[in-house]
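Sequences listed follow chains A and B, in order.
Position 39 of the first sequence, counting from 1, maps to 39 under our numbering, and the rest follow consecutively.
Position 13 of the second sequence, counting from 1, maps to 13 under our numbering, and the rest follow consecutively.
The hints are simulated quantities; they were obtained by calculation from the structure and are not laboratory data.
Incorrect hints may have been included.
So these bits of chain B aren't anywhere near chain A, every CB distance computed over 10 Å [claimed, not checked]:
#1 G17
#2 V31
#3 E65
#4 G79
#5 P103
#6 Q107
#7 K188
#8 A189
#9 W192
#10 P202
#11 V211
#12 A237
#13 D240
#14 G315
#15 Y321
#16 E337
Label-pair ranges, simulated between beta-carbon atoms [said to hold, decoys possible]:
#17 R194(B) - R59(A): 25 to 35 Å
#18 P9(A) - A288(B): 17 to 27 Å
#19 P124(B) - T42(A): 33 to 43 Å
Quick reminder that beta carbons are idealized off the backbone N, C-alpha and C, glycines included.
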Amino acid sequence: MAEQTFALPDLGEGLVEATVLEWLVRPGERVERNQPLVELETTKSAVEIPSPCSGTVVRLHASEEETLRVGAALVTFEVDSAAGIVGTVPGGERPTRRVRLRPPAE
Amino acid sequence: MTELSIAEEPVPAPARGPSMQQAINLALEKVLEEDPTTLVFGEDVGRLGGVFRVTDGLQRRFGAERVFDTPLAESGIVGLAVGLAMNGWRPIPELQFDGFAYPALDQIVNQMARMHYRSRGTAPMPITLRLPSFGGIQAPEHHGESLEALFAHVPGLKVCAPSDPADAYRLLLQSVRADDPVIYMEPKARYWDRGPAELAEPTEPIGSSRVVRPGRHATLVAWGAMVHRCLQVADLAAEDGVDLEVVDLRWLKPIDADGLAASVARTRRAVVVHEAPLTAGLGAEVAALITERTFGDLLAPVQRVTGFDVPYPAGPLEPQYLPTLDRVLLAVQRTLEA
Numbered sequence: 001m002a003e004q005t006f007a008l009p010d011l012g013e014g015l016v017e018a019t020v021l022e023w024l025v026r027p028g029e030r031v032e033r034n035q036p037l038v039e040l041e042t043t044k045s046a047v048e049i050p051s052p053c054s055g056t057v058v059r060l061h062a063s064e065e066e067t068l069r070v071g072a073a074l075v076t077f078e079v080d081s082a083a084g085i086v087g088t089v090p091g092g093e094r095p096t097r098r099v100r101l102r103p104p105a106e
Numbered sequence: 001m002t003e004l005s006i007a008e009e010p011v012p013a014p015a016r017g018p019s020m021q022q023a024i025n026l027a028l029e030k031v032l033e034e035d036p037t038t039l040v041f042g043e044d045v046g047r048l049g050g051v052f053r054v055t056d057g058l059q060r061r062f063g064a065e066r067v068f069d070t071p072l073a074e075s076g077i078v079g080l081a082v083g084l085a086m087n088g089w090r091p092i093p094e095l096q097f098d099g100f101a102y103p104a105l106d107q108i109v110n111q112m113a114r115m116h117y118r119s120r121g122t123a124p125m126p127i128t129l130r131l132p133s134f135g136g137i138q139a140p141e142h143h144g145e146s147l148e149a150l151f152a153h154v155p156g157l158k159v160c161a162p163s164d165p166a167d168a169y170r171l172l173l174q175s176v177r178a179d180d181p182v183i184y185m186e187p188k189a190r191y192w193d194r195g196p197a198e199l200a201e202p203t204e205p206i207g208s209s210r211v212v213r214p215g216r217h218a219t220l221v222a223w224g225a226m227v228h229r230c231l232q233v234a235d236l237a238a239e240d241g242v243d244l245e246v247v248d249l250r251w252l253k254p255i256d257a258d259g260l261a262a263s264v265a266r267t268r269r270a271v272v273v274h275e276a277p278l279t280a281g282l283g284a285e286v287a288a289l290i291t292e293r294t295f296g297d298l299l300a301p302v303q304r305v306t307g308f309d310v311p312y313p314a315g316p317l318e319p320q321y322l323p324t325l326d327r328v329l330l331a332v333q334r335t336l337e338a
């Protein structure tokens, strides 16, 4: 188990801050990767931010209607494993095959 | 009674020892402890502890003078290692991903590999270049490559690729203690695998292969993550009454030609499996070595099962690119029918 803090990402179009409209998760809640975390409002639009990882929400770093700068801490998670930052941990997939062998004549 | 005898088969206990990440971490800890000239450096290896946690805790334990972060400049990382080695240090640099090795190739090939030769033996290069390698973790482009043939082709380099935690520990100790530069290729897809609890000192010399599963009908030759794939194939083949031997090559330079020949002289059939593209891959070298030594014993041409002659694909296409169980089984069948 390890804690991982997710910062407010660059939302594009040169925007430097965003306001929290509504949290879609709460501390202690289990989230899956890509699950919607929070709805933010920028000067251009409202956007939903998906979770970058699977884990448990430990802390929300802003309250609703609070404005955050890009790069400020948004959420801290407790993540399941100390997996690599790039890529995914290979699953324990069951080996499947279609080819059957014929033993050699002895 | 068949059911009873199956039930009585000893069930292997699940492996609870260190993962390959942890085994490499423990090997680094050991060499940092035993030799005050060893240094660990690279991108994010210090404060962060490495993107795969391989260097976790080492900076805290040994200080930022011996375990340190470098700028994001692979050519500089290897160049620094060359200069340090010339001044009596034993560097253990990391290039964060195999795809990032290309910018460092000039330093690796033109400096690190040649300095001992160029200096008439007065400037050995006891460098272990750690290179998280190969695919299988669905990483983006440039984060999965299979560069062993490129390095094995360069005179002056040694190259190895462990396949499990215990061997990762042994091979790293050997690599660091060697006075020659070693490219140590860590199979990313096996980082999370656990092995036996006991890690042991190496007992065999550099350049030794090992039989990880004995068998009599054909020999599968592999290294890195493909050893696991070959062991899966051997399990499936056993269901069909075919008994496969699996040889973990471990050292890709020097290659254990005698060990390969000893195995194939017994089984009389061989299939080599690797992730890299087919053309001019290391499988060609292995096939040639086997053929030169066991031509009279072979019942079939040596088969190669490899990646395709395309750029290493990004994550979602990996399962189509990497040798599948069926592709290896088909190659085995070709050797059985010949």
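The hints, checked one at a time:
Interface exclusion of G17(B) from chain A stands, the closest Cβ pair being 17 Å apart, more than 10 Å. Residue placement check: V31(B) keeps its beta carbon more than 10 Å from all beta carbons of chain A (closest about 22 Å). Its beta-carbon lying about 25 Å from the closest one in chain A, E65(B) satisfies the requirement of being farther than 10 Å from that chain. For G79(B), the non-interface assignment is confirmed: its Cβ lies about 25 Å from the closest Cβ of chain A, beyond the 10 Å cut-off.
With a least beta-carbon separation of about 18 Å from chain A, P103(B) lies farther than 10 Å from that chain, consistent with its non-interface assignment. The beta carbon of Q107(B) sits about 24 Å from the closest Cβ of chain A, which is more than 10 Å, so the claim that it is off the interface holds. Distance check for K188(B) against chain A: the nearest CB is about 7 Å away, which does not clear 10 Å, and the non-interface claim fails. Here A189(B) does not stay apart from chain A, with its beta-carbon only about 5 Å from theirs, under the 10 Å limit.
Distance check for W192(B) against chain A: the nearest CB is about 5 Å away, which does not clear 10 Å, and the non-interface claim fails. Once the 10 Å rule is applied to beta carbons, P202(B) is consistent with being away from chain A; the minimum gap is 27 Å. Taking the minimum C-beta to C-beta distance to chain A, about 20 Å, the non-interface status of V211(B) holds against the 10 Å cut. With a cut of 10 Å on Cβ distances, A237(B) falls inside the contact zone with chain A, its closest approach being about 6 Å.
Not every CB of chain A lies more than 10 Å from the CB of D240(B), the least distance being 4 Å, so the non-interface label is violated. With a minimum CB-CB distance of about 7 Å to chain A, G315(B) fails to clear the 10 Å threshold, and the non-interface call is violated. The claim that Y321(B) is not at the interface with chain A holds, since no C-beta of that chain comes within 10 Å of its own (minimum 15 Å). Not every beta carbon of chain A lies more than 10 Å from that of E337(B), the smallest distance being close to 8 Å; the non-interface claim is violated.
Roughly 32 Å separates the CB atoms of R194(B) and R59(A), a value that falls within the hinted 25 to 35 Å. Our hint of 17 to 27 Å for P9(A) and A288(B) is violated, since their Cβ atoms are close to 51 Å apart. Separated by about 58 Å at the C-beta atoms, P124(B) and T42(A) break the suggested range of 33 to 43 Å.
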